[in-house]
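Residue numbers (our numbering), protein chains in the order written: chain E, 6 to 383; chain F, 6 to 383.
Honestly, the hints are just simulated from the structure, not real lab data.
Computed from a predicted structure; not experimentally measured.
Check each hint, because a few of them may be wrong.
Note: identical chains are not told apart, hence a pair may lie in one copy or across any two.
[Stated by the list, open to error] Cross-link-like lysine-lysine pairs, in silico, DSS-like; alpha carbons within 25 Å at most:
hint	residue 1	residue 2
1	270	11
2	11	29
3	11	333
4	171	131
5	131	333
6	29	288
7	347	171
8	348	377
9	338	288
10	342	132
11	335	270
12	349	338
13	61	340
14	29	340
15	64	111
16	132	11
Protein chains: 2
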Amino acid sequence: MRVYKKAILPLGFTASAVSCGIKKSGKLDLALFYSGAPLKASCRFTNSSLPAAPIKINKGLLELNNNFRAVLVNSGNANAFTGLAGILDARGISKTVASYLGISEKNILSNSTGIIGRRLPVEKIKKAIPELAAGLSSNGINKAKKAILTTDTFTKEITVRFSVGKSTVTICGIAKGAGMIAPNMATMLCFIFTDADITKRALDKALSASVSKSFNSITVDGCMSTNDSVMLLANGASNNPLIDTGTNFGVFNQALENVCLELAKMIVRDAEGATKFIRITVKNAKSFLEARIAALSIANSNLFKTAVYGQNPNFGRIVASIGSTGIKVKEDKLKIKVSNLKKKDIFVEVGLGRGKHLATVYTSDLTPEYIKINAGYN
Amino acid sequence: MRVYKKAILPLGFTASAVSCGIKKSGKLDLALFYSGAPLKASCRFTNSSLPAAPIKINKGLLELNNNFRAVLVNSGNANAFTGLAGILDARGISKTVASYLGISEKNILSNSTGIIGRRLPVEKIKKAIPELAAGLSSNGINKAKKAILTTDTFTKEITVRFSVGKSTVTICGIAKGAGMIAPNMATMLCFIFTDADITKRALDKALSASVSKSFNSITVDGCMSTNDSVMLLANGASNNPLIDTGTNFGVFNQALENVCLELAKMIVRDAEGATKFIRITVKNAKSFLEARIAALSIANSNLFKTAVYGQNPNFGRIVASIGSTGIKVKEDKLKIKVSNLKKKDIFVEVGLGRGKHLATVYTSDLTPEYIKINAGYN
Numbered sequence: 006m007r008v009y010k011k012a013i014l015p016l017g018f019t020a021s022a023v024s025c026g027i028k029k030s031g032k033l034d035l036a037l038f039y040s041g042a043p044l045k046a047s048c049r050f051t052n053s054s055l056p057a058a059p060i061k062i063n064k065g066l067l068e069l070n071n072n073f074r075a076v077l078v079n080s081g082n083a084n085a086f087t088g089l090a091g092i093l094d095a096r097g098i099s100k101t102v103a104s105y106l107g108i109s110e111k112n113i114l115s116n117s118t119g120i121i122g123r124r125l126p127v128e129k130i131k132k133a134i135p136e137l138a139a140g141l142s143s144n145g146i147n148k149a150k151k152a153i154l155t156t157d158t159f160t161k162e163i164t165v166r167f168s169v170g171k172s173t174v175t176i177c178g179i180a181k182g183a184g185m186i187a188p189n190m191a192t193m194l195c196f197i198f199t200d201a202d203i204t205k206r207a208l209d210k211a212l213s214a215s216v217s218k219s220f221n222s223i224t225v226d227g228c229m230s231t232n233d234s235v236m237l238l239a240n241g242a243s244n245n246p247l248i249d250t251g252t253n254f255g256v257f258n259q260a261l262e263n264v265c266l267e268l269a270k271m272i273v274r275d276a277e278g279a280t281k282f283i284r285i286t287v288k289n290a291k292s293f294l295e296a297r298i299a300a301l302s303i304a305n306s307n308l309f310k311t312a313v314y315g316q317n318p319n320f321g322r323i324v325a326s327i328g329s330t331g332i333k334v335k336e337d338k339l340k341i342k343v344s345n346l347k348k349k350d351i352f353v354e355v356g357l358g359r360g361k362h363l364a365t366v367y368t369s370d371l372t373p374e375y376i377k378i379n380a381g382y383n
Numbered sequence: 006m007r008v009y010k011k012a013i014l015p016l017g018f019t020a021s022a023v024s025c026g027i028k029k030s031g032k033l034d035l036a037l038f039y040s041g042a043p044l045k046a047s048c049r050f051t052n053s054s055l056p057a058a059p060i061k062i063n064k065g066l067l068e069l070n071n072n073f074r075a076v077l078v079n080s081g082n083a084n085a086f087t088g089l090a091g092i093l094d095a096r097g098i099s100k101t102v103a104s105y106l107g108i109s110e111k112n113i114l115s116n117s118t119g120i121i122g123r124r125l126p127v128e129k130i131k132k133a134i135p136e137l138a139a140g141l142s143s144n145g146i147n148k149a150k151k152a153i154l155t156t157d158t159f160t161k162e163i164t165v166r167f168s169v170g171k172s173t174v175t176i177c178g179i180a181k182g183a184g185m186i187a188p189n190m191a192t193m194l195c196f197i198f199t200d201a202d203i204t205k206r207a208l209d210k211a212l213s214a215s216v217s218k219s220f221n222s223i224t225v226d227g228c229m230s231t232n233d234s235v236m237l238l239a240n241g242a243s244n245n246p247l248i249d250t251g252t253n254f255g256v257f258n259q260a261l262e263n264v265c266l267e268l269a270k271m272i273v274r275d276a277e278g279a280t281k282f283i284r285i286t287v288k289n290a291k292s293f294l295e296a297r298i299a300a301l302s303i304a305n306s307n308l309f310k311t312a313v314y315g316q317n318p319n320f321g322r323i324v325a326s327i328g329s330t331g332i333k334v335k336e337d338k339l340k341i342k343v344s345n346l347k348k349k350d351i352f353v354e355v356g357l358g359r360g361k362h363l364a365t366v367y368t369s370d371l372t373p374e375y376i377k378i379n380a381g382y383n
């Protein structure tokens, strides 16, 4: 498996991005991804009971069919808590995109990220569609990966290539994150493109496994958003021997896990105001779930996160976090190891002394800069 | 009911405090409360599965008997995560106190708050006991209420008086809080003294009801501690007609609720680094529990708390918090009202449109000062 630290679109994909005026800064804020061949899609969405309009639409489309051609993304406005009007806004935009691409509205997945509770500037967006559609190219990914960002300070991108039979398969992922990241995927968008020929059930199985160990194992501030989505899109253009859950699955699954984990780590590294990257591994738990609950409890503790920011090895806060989960740890079996807090990359290892399972989560420190960014965001 | 904004010990209680050297600052760090008549005690402790040594001891004592005479408290060291040694340390200190007071070790409740994971300086503490015991007086409360504090910036104290039959009953409460406050009672100590003559079951019933609406309805940073305790101690010295769960209960319960709620609010007002006092009421929920879950989800959202600090009415963060609870709210039924964020006292009112129940929680904003305090605490 070869790994490239930049986005390289797989065969058959093109992308484009423009600045349509949602962001007052004039930065790129509208991206389009397109495949000549039909796309199978596997998606994971926020667990929020108040999901944004595009999430509602996408869920409906995924029940209707699994035959997509394009993905539209805007940043700067979440189209969340906008009710029926928000749904009609998004559908109107999709219709315009569909007519320019000569496809059906049903073949387009929509995404939004940004401020909650404001209507999309529909006319501005529609006006930008001709230029957006005309700009589609394989190099367009270099603008598109920027157009999905909000408070991110760098793009998140990775590409891996590997062989299946005599064919080379590519998986390319881009993401946006920054603040508001929590397990079950706070405001995070991730788009993963592959030219693999793969069954829908293999796509689903691989994405579930990968998301659990990556996007659902990171947390910045424990806050869940209305818009999180991970989309894995496969167009089969590499003509590889078909991948199914039993055939050629391992290599695809491994590659996808790598893509998801690296993107998830980049999101944590770019957490709002973060000065530290923290890996927390909880071992000797009774189950993976128990280990992850303990690890997330530490990762979401403001007191622990500020202690790391202050380079202050206050391990009592780790004890308090574990105790607060209610997991019946024996005090004399509990083992805690914390690396040198002066470094940028920190690790915490906890042994619960209860079993054989482990889980790793990633998080950042809590800093005055996080507050500065979030006190002003609007 | 008369309310006094200071601690006035009820009949039969005395208190004392000294600086024994646990706190390097030389501030008061050891307090003793004593009653000539036996005390009935009702206690609520942290839910932490790794409770501090004194909590383990107190739980054991409460199972053995309900006949106390004294309460010892040290600040600056939590005696938590100190294993069997920590238990022996605390018992050794209790024995010394018992011998000076001429009572049994079993009649003393112990409490500690401060740094986790360090042994108590037992000899220093024992050396201070003679002076501590000698200093017991009803005015001693004015030193004792300071000796229980850690990072608090002011004392928390209140006294209420009311009639039961021809007798005047007094309830006096003092507390320590500051950071690390969460429902189920993070690092918080609260001692409530009353001269009421009351049955144990009435004491328990009143404390449960009051704690639920006060200390378990406040949150500063969602972190739970190893040492939280609320102790309600009744010596019967006012000779009132006996209070039981059915007789004279209402007036006592009302007064206790008032004491607990006022102390809980003071803890939030003194939250580390706080610049705002936030009341969040969630209405029209299917149950009290549902309302409280929604209210706490908002109260524990770092994004919401920083928005309040920034005086930035980002109501999308309230929507996101409610959505993250999984409560099946209908978007068009959800009502959100936020008061002027420029003031020091803020309120948020949320209507879920699902039922008739409501809950109120209290919290503070998240500020750079919180991080500064907690980055350095050790």
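Going through the hints against the structure:
1. For the identical chains of this complex, residue 270 and residue 11 are intra-copy neighbours only, at 15 Å inside a copy versus 52 Å across copies, given an alpha-carbon limit of 25 Å.
2. Neither within a single protomer nor between protomers do residue 11 and residue 29 lie at most 25 Å apart by alpha-carbon distance, with minima of 28 Å and 54 Å respectively.
3. When the C-alpha separation of residue 11 and residue 333 is checked against a cutoff of 25 Å, the pair qualifies neither within a copy, at 45 Å, nor between copies, at 40 Å.
4. When the C-alpha separation of residue 171 and residue 131 is checked against a cutoff of 25 Å, the pair qualifies neither within a copy, at 43 Å, nor between copies, at 79 Å.
5. When the C-alpha separation of residue 131 and residue 333 is checked against a cutoff of 25 Å, the pair qualifies neither within a copy, at 57 Å, nor between copies, at 33 Å.
6. Within a single copy, residue 29 and residue 288 get their C-alpha atoms no closer than 47 Å, and across copies no closer than 37 Å, so neither meets the 25 Å cut-off.
7. Taking the shortest Cα distances, residue 347 and residue 171 never come within 25 Å of each other, neither inside one copy (48 Å) nor across copies (66 Å).
8. For the identical chains of this complex, residue 348 and residue 377 are neighbours both inside a copy (23 Å) and across copies (19 Å), given an alpha-carbon limit of 25 Å.
9. For the identical chains of this complex, residue 338 and residue 288 are intra-copy neighbours only, at 12 Å inside a copy versus 44 Å across copies, given an alpha-carbon limit of 25 Å.
10. With identical chains, the CA atoms of residue 342 and residue 132 are never at most 25 Å apart, being 56 Å at best within one copy and 35 Å at best between copies.
11. Neither within a single protomer nor between protomers do residue 335 and residue 270 lie at most 25 Å apart by alpha-carbon distance, with minima of 32 Å and 35 Å respectively.
12. Within a single copy, residue 349 and residue 338 get their C-alpha atoms no closer than 29 Å, and across copies no closer than 46 Å, so neither meets the 25 Å cut-off.
13. Taking the shortest Cα distances, residue 61 and residue 340 sit within 25 Å of each other only across copies (21 Å), while inside one copy they are farther apart (45 Å).
14. In this assembly of identical chains, the alpha carbons of residue 29 and residue 340 never lie at most 25 Å apart, being 51 Å within a copy and 29 Å across copies at closest.
15. Taking the closest pair of Cα atoms, residue 64 and residue 111 come within 25 Å of each other only inside a single copy of the chain (11 Å); across copies the shortest separation is 63 Å, beyond that limit.
16. Proximity of residue 132 and residue 11 under a CA criterion of 25 Å is satisfied in neither setting, with 31 Å inside one chain copy and 67 Å between copies.
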